[in-house]
Amino acid sequence: MAYRNPSPTADIIIELADRPDRPIVLVERKNEPFGWAIPGGFIDYGETVETAARREAEEETGLKVTLTELLGVYSKPERDPRRHTMSVVYVATATGTPEAGDDAKALAVFSPDALPEPLCFDHAQIMRDYSIYRDRGERPALG
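For the sequence shown, our numbering gives the first residue as 1183, with consecutive numbering after it.
A couple of the hints might just be wrong.
To be verified - With a straight-line Cα cutoff of 27 Å, these simulated DSS-like cross-link-like pairs (lysine-lysine) come out: (1) K1258 to K1212; (2) K1287 to K1246; (3) K1246 to K1212; (4) K1287 to K1212.
Unchecked claim - Pair ranges (Cβ atoms, derived): (5) D1317 to Y1185: 36 to 44 Å; (6) Y1227 to L1249: 15 to 23 Å; (7) E1241 to L1324: 29 to 37 Å.
What the hints contain is simulated information worked out from the structure, not anything from laboratory work.
For every residue, glycine included, the Cβ atom is placed at its ideal position computed from N, Cα and C.
Produce the complete structure using the sequences and hints provided.
The following block contains the structure:
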């Protein structure tokens, strides 16, 4: 019997700690679904979520990150139009100049209060939760 399980992913909100106001890094996707996204991707078999988050951040932005917070887990079945995924979302810090990786059309740095559109997947909700957490210290509501 084949089981149909969500695919695990890790997403990383990267704050650039060496810049005023700690802007964040987003990538513009080269592949569908198109739009801007938080760096992240699928967890490889045998890999921890934390290792996957660091690897994906470096592959997509060229930055070595320090994971600082676990923002939350996002698992709505419709969050990714390609298939059911669940994402563990971290906040991380990095310094330096980010560069777009192979699977990115572009990369840019944004104030969390002035994000581009459209944001892919459920990243608009994740960024709203991040802003509330950053501004008020409130964690996202469960469910």
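Structure-based check of all given hints:
1. K1258 to K1212: holds (24 Å)
2. K1287 to K1246: Holds. K1287 to K1246 sits at ~20 Å (cutoff 27 Å).
3. K1246 to K1212: Given pair K1246, K1212 holds - Cα atoms ~22 Å apart, limit 27 Å.
4. K1287 to K1212: It holds: about 4 Å lies between the C-alpha atoms, which stays within 27 Å.
5. D1317 to Y1185: 36 to 44 Å: holds (40 Å)
6. Y1227 to L1249: 15 to 23 Å: Hint holds: Cβ distance 21 Å, inside 15 to 23 Å.
7. E1241 to L1324: 29 to 37 Å: holds (30 Å)
Violated hints are absent here; each numbered hint is respected by the structure.
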